[in-house]
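Protein sequence lines, in the order shown, are assigned to chains A and B. Residue numbers for the first sequence follow my numbering, so the first one is 1 and each next one is one higher. Residue numbers for the second sequence follow my numbering, so the first one is 1 and each next one is one higher.
Because the hints were derived from the structure by calculation, they are not lab data. Where hints are given, some of them may not hold.
Identical copies look the same in the list; a pair holds intra-copy or inter-copy alike.
Unchecked claim - Below 30 Å or equal to it, Euclidean Cα-Cα: the simulated DSS-like pairs (lysine-lysine) are:
hint, residue 1, residue 2
1, LYS208, LYS90
2, LYS191, LYS208
3, LYS191, LYS47
4, LYS204, LYS16
5, LYS47, LYS208
6, LYS90, LYS232
7, LYS232, LYS85
8, LYS6, LYS204
9, LYS90, LYS204
10, LYS232, LYS191
11, LYS16, LYS6
12, LYS90, LYS130
13, LYS90, LYS16
14, LYS232, LYS16
15, LYS6, LYS232
16, LYS108, LYS6
17, LYS208, LYS108
Number of protein chains: 2
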Amino acid sequence: MGTPEKISSLQNPRVKRLVQLRDRRTRDESGVFPVEGYREIRRALEKGVPLRELYFAPEWFLGENEPALIAQAGAAGAQLFELTKDAFAKVAYRERPDGLLAVAPQWKRALGELVLPAVPFLLVVEAIEKPGNLGTILRSADAAGCDAVIVCDPVTDIFNPNVVRASTGVLFSVPLVVEVSARVQTWLREKGVRTVATTPAAEKIYSKVDLGGPLAVVMGSEQYGLSDFWLKNADVLARIPMAGQADSLNVAMAAIITLFEAVRQRGG
Amino acid sequence: MGTPEKISSLQNPRVKRLVQLRDRRTRDESGVFPVEGYREIRRALEKGVPLRELYFAPEWFLGENEPALIAQAGAAGAQLFELTKDAFAKVAYRERPDGLLAVAPQWKRALGELVLPAVPFLLVVEAIEKPGNLGTILRSADAAGCDAVIVCDPVTDIFNPNVVRASTGVLFSVPLVVEVSARVQTWLREKGVRTVATTPAAEKIYSKVDLGGPLAVVMGSEQYGLSDFWLKNADVLARIPMAGQADSLNVAMAAIITLFEAVRQRGG
């Protein structure tokens, strides 16, 4: 690991490129995405994600462990760049940056690559629109011990900076597959996994449905709920009983309620 | 209801004051708070909150129901002001405003004013720091059918714009009391309400604890968890079993899991 290159110009091409990585098209074309923040970068390193670049600005550091993290990233092959306070403020996505921003390669995992236990516990989410919701859902799936999360027909891309942030880096640890709904349903059926999909229109209450055995919980999108495809093809439809305002539960809240009821039933 | 006053100057004193209402001190001193957004203002009106002022900018409207809402607010006594697009952009708190911003009076409710059913179901939160978490917790309590939410020793004030926003206006419908922990605990004991507090250090699992009967679920702060006071004085301590990363569940997620397990046990 050599001496980090220093960057102070806001016109530096790397600074401009980091700003451009906020756009999905730039991310898609370049095959990389930004990972901002100590916790998120640490989790990426823990999971062996080969960070390409690490940008840091000591004037923004919040703690004392940053140099060790930078050294670890450098030892793992990341190019290091030291930015001035102003230059970092320009590339940071967050309002209160902590002086650390990495660039990581995107990845793609196919359904067939998932290694499932004998009794799988999966979460399937369909057409989630808000990156913050998708990130929160990944956190919930991680806390509930889901074996994988399958994102069907995504509207937001999983490498959106707000997914990384809301997931607190769990994006790097929860096995994640992006696939179209029909293929997912066929694959689940082949694997003998029951699908329980939540919709306010269902008659059965989620906590009275059997959530044991090989299970995939299926959640619809924020605005439209479950698609006709899953309404027709899920093995069981279930609803969460709600008091209060009709829209008090969003998809991330419905997901965590259902997942933890499954954990309870599964004796976890 | 007269013709709305028109405001185009960014230097208009009302425009300046709306910007100042982002600061807690200005809110505290003036005894009012801003309510931004169609859904939030509609809920305030539904609950009979006497809005003092309503600022609107048709160029930002997203739907077709805004004029009816404005007329309703005017009929209920709110002063109306029509702003230019630029003036509204200056007063709006949101990145994508919808052209509606009201000013509402703050209120204060004492424990003794709460009207409780025979078997109360309450949520007590302690020293919550992030307005977004407090707002989400209010939504969860509303969806779970809590009779009231008691906010102990708050760090964020309940009239913060991000509480209003994250609560989607539920702030106006869920009975809410702010009080110090010791008084809350005494009051709950007098009322015969059992307290079940969640902490990762507990031995019992939340779903194996009796959450029926007169119940208050108690949640600690984001950073410090439950205070010693509640650790010592709660009737039962319980934990949520977690797989994955240690910090995957935040306080809002822990609250919704516990509240909906209570709903399940209570047969809701």
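30 Å Cα threshold - placement of LYS90 relative to LYS208: Answer is neither: 51 Å inside a copy and 50 Å across each miss the 30 Å cutoff.
Up to 30 Å CA-CA - LYS130 versus LYS90, copy category: Both: 24 Å inside a copy, 25 Å across copies.
Intra- versus inter-copy proximity for LYS6 and LYS16 (alpha-carbon distance at most 30 Å): Answer is within; shortest intra-copy Cα gap is 15 Å, inter-copy 42 Å.
Within, between, both or neither, where LYS108 and LYS6 count as close if Cα-Cα is 30 Å or less: Answer is neither: 33 Å inside a copy and 54 Å across each miss the 30 Å cutoff.
Homomeric proximity label, LYS6 with LYS204: Cα distance no greater than 30 Å: So LYS6 and LYS204 fail the 30 Å test inside a copy (61 Å) and across (53 Å) alike.
Intra- versus inter-subunit Cα pairing at 30 Å for LYS232 with LYS191: within (19 Å within a copy, 49 Å between copies)
Intra- versus inter-copy proximity for LYS208 and LYS47 (alpha-carbon distance at most 30 Å): neither (37 Å within a copy, 34 Å between copies)
Within, between, both or neither, where LYS232 and LYS16 count as close if Cα-Cα is 30 Å or less: neither (47 Å within a copy, 54 Å between copies)
Intra/inter-copy verdict for LYS90 and LYS16 if alpha-carbon distance must be at most 30 Å: both (9 Å within a copy, 28 Å between copies)
Alpha-carbon proximity between LYS208 and LYS108, which holds within one copy, between copies, both or neither at 30 Å: Cα proximity of LYS208 and LYS108: none, with 36 Å in one copy and 40 Å across.
Homomeric proximity label, LYS232 with LYS85: Cα distance no greater than 30 Å: neither (54 Å within a copy, 46 Å between copies)
Alpha-carbon proximity between LYS90 and LYS232, which holds within one copy, between copies, both or neither at 30 Å: neither (48 Å within a copy, 48 Å between copies)
Violated hints, listed in ascending order, are 1, 4, 5, 6, 7, 8, 9, 14, 15, 16, 17; each of the other numbered hints is respected by the structure.
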